[in-house]
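Student: Sequence:
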Amino acid sequence: MPNFKQDNDDEDVLKKIKRNFFIEWRIADKHKMDIFENIDYFLDSNQEGNPKIVTGNALRSALKKTTQRPFRLVPYFDPGVWGGQWMKKNCDLDEKQNNYAWSFDGVPEENSLYFRFGDTRIEIPAMD
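Residue numbers (UniProt numbering): 1 to 128.
Worth flagging that the hints you see were computed from the coordinates, not collected in a lab.
Here a beta-carbon is modelled for each residue, glycine too, at the ideal position from N, C-alpha and C.
Do not take every clue at face value.
[Said to hold, decoys possible] Here are the simulated lysine-lysine pairs, DSS-like style, with alpha carbons at most 30 Å apart: (1) Lys64 to Lys88; (2) Lys16 to Lys5; (3) Lys30 to Lys65.
[To be verified] What follows is a set of in silico ranges between Cβ atoms, one per label pair, in the way DEER data are often shown: (4) Pro2 to Thr55: 26 to 36 Å; (5) Glu24 to Gly80: 21 to 31 Å; (6) Glu48 to Asp92: 19 to 29 Å; (7) Trp82 to Asn38: 43 to 53 Å; (8) Lys5 to Gly49: 39 to 49 Å; (9) Lys32 to Arg121: 13 to 23 Å.
Could you build the full structure based on these sequences and the hints that come with them?
Tutor: Structure representation (structure tokens):
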């Protein structure tokens, strides 16, 4: 897969990841903040085959309320080649994974937020 508007399918994967993380992601976040107040709908496509949508006004209201009380980011766990059995047992993680080597909690670039609107739970980047 190439980087945004690039023809670099065959470029080293690590170089493409770095370009995405340090350049493209930052530019996209800045653009998102420039238009944030004018967005009519937010689409949550985190779960394959289960897209969810919420109005921009509803999400902005939820974010404002979140800033007025304590909240927690959604923890992020990732498999790796070492360790990980402790996290599997103590954090109620998928037993099918061999190891969990990484856990991020409180890193906005890596974590997300859950919001509930009626029976619908959406997930958005914590950077929003």
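Student: Going through the numbered hints above, which ones does this structure break? Give me the numbers in ascending order.
Tutor: Per hint list: 1, 8 violated.
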